[in-house]
Structures are given as C-alpha cells and as structure tokens.
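Asker: Please model the entire structure based on the sequences and the hints provided.
Sequence order for the protein chains is R and E. In terms of numbering that gives the first Met the number 0, the first sequence opens at residue 0 and continues consecutively. In terms of numbering that gives the first Met the number 0, the second sequence opens at residue 0 and continues consecutively.
Once the Cα atoms are required to be at most 20 Å apart in a straight line, the calculated PhoX-like pairs of lysine-lysine come out as:
{"hint": "1", "chain 1": "R", "residue 1": "Lys224", "chain 2": "E", "residue 2": "Lys334"}
{"hint": "2", "chain 1": "R", "residue 1": "Lys334", "chain 2": "E", "residue 2": "Lys224"}
{"hint": "3", "chain 1": "E", "residue 1": "Lys22", "chain 2": "E", "residue 2": "Lys545"}
In short, the hints are calculated from the structure, not lab data.
Number of protein chains: 2
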Amino acid sequence: MPVYQAPVEDTLFVLQDVLNIEKYGNLPGFSDASPDIIKAVLEEGAKLCEEVLQPLNQVGDHEGCTRNQDGSVTTPTGFKEAYKTFSEGGWGGLSIAEEFGGQGLPQTLAAIFNEYVVSANMSFGMYPGLTRGAMAAIVKHGSDAQKKTYLPNMVSGEWSGTMNLTEPQCGTDLGLMRTKAVPQEDGSYKISGTKIFISAGEHDLTSNIIHMVLARIDGAPEGMKGISLFIVPRNTLNDDGTVGENNGVSCGSLEEKMGIHGNSTCVMNYDDATGFLIGEENKGMRAMFTMMNEARLGVGIQGLGIGEVAYQNAAEYARDRLQGRALSGAKEPDKPADPIIVHPDIRRMLMNMRTFTEGARAFVAWAAINGDILERSEDEAERQKSSDLLALLTPVIKGVMTDVGFQTAVDAQQVFGGHGYIAEHGMEQFVRDARIAMIYEGANGVQALDLVGRKLAANGGRSLITYFGELDAVIAASKDIEGVGDLAAALKKGRDDLEAATGWFMQNAMTNPDNAGAGSTDYMHLMGLVAFGHMWVLSAKAAQEKLAEGSGNEAFLKNKLITARYFMERVMPDTATRLARISSGSESMMALDAEAF
Amino acid sequence: MPVYQAPVEDTLFVLQDVLNIEKYGNLPGFSDASPDIIKAVLEEGAKLCEEVLQPLNQVGDHEGCTRNQDGSVTTPTGFKEAYKTFSEGGWGGLSIAEEFGGQGLPQTLAAIFNEYVVSANMSFGMYPGLTRGAMAAIVKHGSDAQKKTYLPNMVSGEWSGTMNLTEPQCGTDLGLMRTKAVPQEDGSYKISGTKIFISAGEHDLTSNIIHMVLARIDGAPEGMKGISLFIVPRNTLNDDGTVGENNGVSCGSLEEKMGIHGNSTCVMNYDDATGFLIGEENKGMRAMFTMMNEARLGVGIQGLGIGEVAYQNAAEYARDRLQGRALSGAKEPDKPADPIIVHPDIRRMLMNMRTFTEGARAFVAWAAINGDILERSEDEAERQKSSDLLALLTPVIKGVMTDVGFQTAVDAQQVFGGHGYIAEHGMEQFVRDARIAMIYEGANGVQALDLVGRKLAANGGRSLITYFGELDAVIAASKDIEGVGDLAAALKKGRDDLEAATGWFMQNAMTNPDNAGAGSTDYMHLMGLVAFGHMWVLSAKAAQEKLAEGSGNEAFLKNKLITARYFMERVMPDTATRLARISSGSESMMALDAEAF
Chain R
0 MPVYQAPVED TLFVLQDVLN IEKYGNLPGF SDASPDIIKA VLEEGAKLCE
50 EVLQPLNQVG DHEGCTRNQD GSVTTPTGFK EAYKTFSEGG WGGLSIAEEF
100 GGQGLPQTLA AIFNEYVVSA NMSFGMYPGL TRGAMAAIVK HGSDAQKKTY
150 LPNMVSGEWS GTMNLTEPQC GTDLGLMRTK AVPQEDGSYK ISGTKIFISA
200 GEHDLTSNII HMVLARIDGA PEGMKGISLF IVPRNTLNDD GTVGENNGVS
250 CGSLEEKMGI HGNSTCVMNY DDATGFLIGE ENKGMRAMFT MMNEARLGVG
300 IQGLGIGEVA YQNAAEYARD RLQGRALSGA KEPDKPADPI IVHPDIRRML
350 MNMRTFTEGA RAFVAWAAIN GDILERSEDE AERQKSSDLL ALLTPVIKGV
400 MTDVGFQTAV DAQQVFGGHG YIAEHGMEQF VRDARIAMIY EGANGVQALD
450 LVGRKLAANG GRSLITYFGE LDAVIAASKD IEGVGDLAAA LKKGRDDLEA
500 ATGWFMQNAM TNPDNAGAGS TDYMHLMGLV AFGHMWVLSA KAAQEKLAEG
550 SGNEAFLKNK LITARYFMER VMPDTATRLA RISSGSESMM ALDAEAF
Chain E
0 MPVYQAPVED TLFVLQDVLN IEKYGNLPGF SDASPDIIKA VLEEGAKLCE
50 EVLQPLNQVG DHEGCTRNQD GSVTTPTGFK EAYKTFSEGG WGGLSIAEEF
100 GGQGLPQTLA AIFNEYVVSA NMSFGMYPGL TRGAMAAIVK HGSDAQKKTY
150 LPNMVSGEWS GTMNLTEPQC GTDLGLMRTK AVPQEDGSYK ISGTKIFISA
200 GEHDLTSNII HMVLARIDGA PEGMKGISLF IVPRNTLNDD GTVGENNGVS
250 CGSLEEKMGI HGNSTCVMNY DDATGFLIGE ENKGMRAMFT MMNEARLGVG
300 IQGLGIGEVA YQNAAEYARD RLQGRALSGA KEPDKPADPI IVHPDIRRML
350 MNMRTFTEGA RAFVAWAAIN GDILERSEDE AERQKSSDLL ALLTPVIKGV
400 MTDVGFQTAV DAQQVFGGHG YIAEHGMEQF VRDARIAMIY EGANGVQALD
450 LVGRKLAANG GRSLITYFGE LDAVIAASKD IEGVGDLAAA LKKGRDDLEA
500 ATGWFMQNAM TNPDNAGAGS TDYMHLMGLV AFGHMWVLSA KAAQEKLAEG
550 SGNEAFLKNK LITARYFMER VMPDTATRLA RISSGSESMM ALDAEAF
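Answerer: This is the structure in structure tokens:
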C-alpha cells in the first residue's frame, strides 16, 4: 500500500518564512490563525488524512461506486464512515463564516489542508470539494434566506453539494446549453434536462444533495447570456427543514472512467425538478465565473496533491530498491546492489518532482493568501491588486499545476519500473487519477486561451503590469544576497522571456488572433515557469536568511537552496524554447485542411 | 468504438520516396519486395488489422485474461480465432527464412506491418511479437537441430514463444538473477525458479509455448557473467514431434496491471523443468543483447502504433465536435458552433502528434532497413556502418518513441475533453496501454544510460562520427533546395547542439561519471529530436522533388512540407533547452542526502 505523510514542516516554512502569513493578522480570521493554531490545525488534519482517508484510497479505486436498481449510489467501503469523521471534525467548513457553523479560518488554511486530502484520497476529497464549490456559490450569490436554508447543513456535512454545467452537446461552450427552467407562480422554476460528468452527483454519504444547476429560462436569450443558476435539492425540504420527497432528480447512470473511481461521476436527469434561482436571471455565467478562481485553485491543488504522494512513494522505493551500482563506484558494497537512488537519472526524476511539489505548495499558498485578501481586506487597493494577480494566475495554477502534477505522477511511476505498472503498488492509480485534473474545470487548453485571450488584455493589461512589478521587486530584493543572487538572475531571464512573448502577442495577434491561440499553451507554461521561479527565489531567500540567523532546521534549509538551484538549472531554461515556439506563430499550425488530418 | 485505418499511403511514401527501398534490391528478400508486392502486402495486412484485430481491442481491455483453477489462462473473446487467422495468413513469419516456413521478406516490412498491428490491438500483437523475439534467439543462437525442432511450428503459429528475464529481485540488474539450471547427464538442464512480468507467459492461443529462460548454471560465476539462456518448452515434445506432458512449467498468477489487459502478464514458476542450453554456457547475456536491437525497435514501434491510432481518433473527433467559434470569426455559421479543429490549440496538439507519427514511421523504416543491411548485406563496410548506426540509435528509438508516443496518446485524449476520460471512447485505453512501453524492454532511463554510458564511447566514438556523417550529407544535399534549405538549417542547429552536448560530456564525464548520467535522458531526447529532424528533412526533400516533377499526390506532398516546417518551428527548438540542462551537470542533482527525499 502506498505511504503518505503530510508535509507539515514544509507547509509551515511556506506560510511563516516564505510568505510571512503573520503580516496579514489584520484580516478577519487571520488573527485566529496564530502560528500555534496553524500548526495544530495542520497536524490534526494530517492525522485525519494519513490515518482515515489514505487507507481507503486503493479500496475506492478497486471497488468504485455502484448504482443500485433504485438509482441510488453506494460509495466504496469505508467512505461513509470516513465522511462522518471528516464532517464531525469540522473540516468541511474550515473557512466558512462562523455564523453558518464554520470555523471562520483563512481560505489559505483550507487550501493547504485540501492538498493533504487530495494526496491521501483524491476521490474522497471531491465529495467535500464539490460541496465547498456549491457553498461558495450560495455564500456569494444566494439570498439571506437561501444561505440560512442550505449552508448550516452543508457545513455540518449533513448535506452535500454539486455543480451541474456539462451536457452531452456542451462542455467548454456553455452557450449551447439546453436544460430548461420554467417559471412557476410561486417564484420557483421547474428544471428539466440532462447533465453529464456530474462529480458526486449521487451517493450515500449525506441525507440530501444540493445541486447547483445551470439552465436556460424559457424565452431567455440565446447563448451564454441566457443562462441562469439554480439551486435544485435532490429532495425537497419540508416546512420544518427536514428532508422530504425526491424532487424529480435522479442519477441515470455512472460513467465508467479512467480513474477517480471512488467518486461517483453521474449522468443526472432533471424531470420537472423544483429549482430556485440564485443570483439574477440570465446572469448564471457571471455567478459561475466568480466561483472559478476558487474551483480552479482546487483543481490545481489536485495536481500538487497527487504529485506529492506519488513523489513520496517514489522516494521511498528509490531508497529501498537495490539494483545496479553507482556510476562513481559501489555505495553499499556489502549489499548485492546499491539502492537505485544512487543513479543520476533516478535523482533527476525525484528532483524534478521535488521542484514541482515544493514550488507548487508555495504557489498555492501565495494564491490562497491573495484570495483571502480579495475576500477579506478592507483596503481597496490591496483587494484590487490581489484580484488582478489572481485573475491572471488562476489559469496558470489550474493548467500548469495539473499538467506538471500528471507528469510528476508519471515520473514517480517510472521510478518503480515494471512494478509501477502493477496495480498493487498504487502508482498507476495516481497517474489515472491525476489525468482528470488536466481536463475538468476547463480543459488546460481553455485555461491557456483564457489567459492569453482574456486575462492579458483585461483592464489595459493591468494584471500583467502588476505581476511584473511583484517579480521585479523580488528580483531586486534578492539579487545581492549571496547564494540567492544568481537564482534571481535566472528568474530575471525567465521574466524577460515572458515579457518578450507578451510583446510578440501584442505585435502579432491583432492582425491574426490565431497567433495568440497558437502560442497560448506555451505562454501559460512560460508564465508557470516564471511563477514557480518566483516561489523558488522567495523560498531560497527565506532559507538563506534563516541560515544566516542560525535559526531553523539547517538541513531542511540547505536542501531548499539546493532544490532552488536545481530548478533554475534544469527546469527554468525551458522558457527559451517556449518563447521560440510562441514566436513561430500560427502559419504552419493552421495551414492544413481539416480533412488532411 | 475507436476508428483505425492503416496509413498505407504514408508508409509507401516513406519506403519508396524517402528511403528509396528499391536501391536495396541486391539484398536477399528485397528482390521479392517489388513496389507492387510491398503495396499488396501492406494492403492485405491493413485489412487484417482493421477488420479482425481492431474490433477486439476494447474487448481485450474490458475482459482481460483469466487464469483458471488448473493454471491455464483464457484470452479475451475472439483472440483465439484472430490468432488463427493471423497465423494462417503467414503474418507470423513474414521475415523468417523460407526454409523454416517463413516468407523470407525484409524485416523492414515486418516492422512496418507491426506498426499496424499495434495500432489495431497492441495486446494482441504482443503474442506474435514475443514469439518473434523467441524465434530471433533461436535463429541467431540455436543449433541446427533446435532450429528444426522449434522454428517451423512457431512460424506457423502452432506454438508461441516468450522471453523470461525478470525476477522479483532483479529487473534492470540481471546479475542478481537466481533461477537455477542443474546439468543433467543427457545434456539437458533442470530449471527451477520464479520469473515475473512474463508477457504471453501462458494462454490458450497455441498448443505449446516455447519459453526462452535466463538462468544460472550451478556453480557459474556471480553476476552477469554467469547467466545462460535456455529453451524451456511448456510441454515436452514426444519423439514424433507431437506435444507431450507438462514440463514443470506453470503460471502462478496473472498480474493486475494498468493496461495491455488483453495480454497475459504472468508469474511463471519453473519446477525442475527440462531446459536446453541455447548458445554457450554463461553467455546468455550476449545472446540476449544480440536480440535487443530488434526487441527495442519493436517496443519503439509500440509508441508509434498507439500514437497513430490515438491521433486518428483525435483528428476525427476534432472535425466532428462542435464547440465554440474560431478566433478569426465563425467558420460554419450555419451550425450551432464550429468544429473544434478550428481552434489553434487543438491544431497544436494534432500537429504535434502528426510530426511524431510521420517522423517516427520514417525513423522506424530507416532503422529497419539498417537492420536488414546488417543481417543480409555481403558488403562488410556497409554492414559495419548499419551496425554502428543501429547500436547508437536503438536506445533513441526505444526511449524517445515510447516517451513521445505516450505523450501523443495523452494529447489525443485531451482533444476529447471529458469524453476522453470515459472508457467508452477508447482514448484512455490508449494512454494506459502506451504507458508500459516506456518501462519494459529496459526502462527509458536505462536506454539513456546505455546511449551515453556505452554507445557513445564504443569503438572510439565511431558510431556518432558515422551518424554525424549521415546528417551532414543530408544537410549538404538539402541546403540549396528551395523550401527545404531552411529546414536543413534548423536541423543543422539541432545537430550542433548535439555535438556541443557530446563535447560537454567528453570534458566533464571523465572526472565525474555522474555528469554523464545526469544528462543522459536529455541527451537521448536531444538525439531523438535530431533523428526526427533528419527524417523530416529527408521527407521534405522527397516531397519537394516529387512536386517539382509533378508526380504523386500534390496535397499529400504539400502537407508533408508544411508538417516538416511545423516540426522545425515548434519541436526542434527544444534541443537548446536539452543542451542547457545537460551543461548544468550533476552537482545540484546529486547533492541531497538520500534521506532528505
């Protein structure tokens, strides 16, 4: 069975030393998050993930979910009890306001805890994850009555939630949506239609499921401008708030899929189900978009979470497996062979994984802190800045972290050789599970187009200007620190490639928008390299400063500096290739007739 | 169900126009392979693959193999009949000499047909594939009596074959092998031990299975120098040549694995099984190594084969799926949305796939022709040259083609969005199946080390000198052709990066061999980029010449030139990043303590 130990020490380093979370003490919730509290929360969360969730991960993959004849869905053995433990611990409402029964802690803590959950059991984590998404919609767009009706039971884990967007003919292009909403005299709507790929759509973990459903009100405008968002509980609520009859909502079938077998992916049928408008008529897409930063951060975290657990298992295997001898001479001559961790190519894979997981952990925390500022700060300029940075970098978080997270799982599997291909060791499950994160919540190509086609240009390019300002400040503050200055110089090179790529778009995409589309994925990854480089310079700077002070775990801090250096030497140089690709434009890419493929 | 159409037109272009197969008419077997014969063989083979093998591919994945209580193994529905059809068509012995019942055709044709088989049904293809490997061992190292005893029944498909190398404690490091061979008075040996990951180890397709088993003769030297190769038939042979009793060979269990479910991957137990030495005592590794070029080419072809079928399905889906509008304005305004093939990022993935499949097809044929020259030419200098080139490039064929083949399957799945994650469409099967090719027959990191640690230095670096000679001749012959010259210049740049990387190794690996190991995978991929670039310049040159003559399919030839250009603009630039990584050395890669991971 795979091993997993939550990386609490690294999380604390990121929060306290790299990002100085204490300086946000003025934000609501942050004053409750003292270093001691954070440490206690993370250690308690780690225990839950390691001891309760992780042992169910292979069970979930092996058993999958079962749709029973009555349309109900049974989750894998142990999931129901684990969900109860999870909910009773208050983990479902970590960052939800106390008035709704939550803990009121920073979103940052919830995001970090979410990494641990994904590492332990991604499929399980999707049940509370989708509930969090649905709660976010209600918090931001629901009426006071809706908040009061739904949130407390969702926070407590009594009810769960889902998001219903996709239909057979509409995935990325939600304008093609057909699910209908017919207004009723009492102000409610009758919802009818079929949704597909609905994660956690039906299951036995909770007594009710609150579906957030996008649909088109009878007579609404065509396309994206005619879509509204509805709350559709699976079971109606009685006047006393108890759960009533089925509301015309049923799971038509479960999808048979590559991975995340422990999560129920449903075809959902709505047959004159009673729904309640949330937010304004025909403004459903806007309601969805405001939730997207958080949802996409959540999917990006899936890349990190799977990457981390896959890395840990690869590292353990590489220390234990004896095969061959070191190129520089036997390292353990008394054994029949050396452990494979002596081989540079094994190290290469482990170090690549490590630059990703540690860099991504910092990146997630950085983004989540900006999310907290955006939600909680009273300083408008500060909110604006965080909003700009998040808007710009959310597609990067989602697209790059899931691409590299998948690659990390593939590399970790590779370390196991043939044993990685066998189900028993669990490595191939990580690959299958990680794969979905590149697809859902906006396929990574769509993220790239969002970045290049929308985010770069928004508000006269203010987001990117703000981001370059951040980068330049970090580079300036680091360039004269011994042992960090050359890392900052490497970041500067990447940043300059990013600027050059942006300039190329400005010169070439106006006349032919395909020139932007053709470079979009490379641009997203180029920005991702810079974003990771940014985190590595910050991390190296923090490590160097602590070493100079003589505080902290010396070995840990020195390893940070080495890993930062490895990142700059081995990962960062890819910005040059990305720039070369972008600058080649769209001509040869678009030249073939569709029929020629 | 996935579609598949064997790319016969492209194969013929590669053989006839790019590689001028007719100029090898003096080699045995090639005179029988006139253009008409080649076309007829490929078309007949295509039909078999499309109509018989491909419809069983999802069946095989879904059903898998079953081990029965008596230890026998049942293959998926339809495999037995398909194997009969395959064998009766003479496809199992395409390139085996006529004296043993084969067709005596060039290996090149067998390699190309193998691509089609893999595309149609990789798991099925492994049964005849392993038989081919076992036959190759007997052809090259067996006695005349052994050839006569085994080959005719293996060629006819009456019997099949396997290769038994891996044991639980020994994969890459075969020196750790424990399976024992005890000499008997009659010259035979009693073989005892356990082998794992034995593809096609037990099944119901044939009346006997001829296992090629590596084992250590009692008292043999430690390590690799004490390993011998044995023929161990599952059932003994009666004096009249008929199949007798079980020979102490049994399948202990089937591995549960990520993919290739249609192939039986067995734990094989040998319990005083009678085995017959093949080749010399303690020279088993040498016997294995001489087969490796062919086996590794075969696995490289798996990368190509899966890449091709995945590409074809992605292209079809991209033409059919309506979602969103082209950046440059609606292309099909009368439809609710444009087909997704209008989107540059979809094109990017399709063009990447195409540069791989077409480039790899040429690379496979180029390598296979060199294999035929090596086996069949009477000109020693010509044989030497082919031997040098094959030795150098075999790790590249195996390592790069399986890495990029897997990436191609992943990209093809991505084109399908959420539908790619669902089993029904078959795209996720391609990803799972393709994954194994990066691992078996020497994991790709081992290929890279073979290239850098062994092949580069062998014979004073003669192989690389020969290869640079080939490249330089092609560049010189192409540089002044309009429309090809700038492609040749891009190849020159890649070739120079390869030379610089080689020079870096020469200067830095003597003092610290980890500097070679640290750059090995990047070097392998750098050489792969150059090798593909080589094929693309040859292909572009051939296309341009035919266009100038006004012969051939004009659209096809123009698309070749466009795709060659795309390769040089978008794929080739990665050589610079590879070189930068290599030149950074091993210091930060190797600096952490093993316990720090």
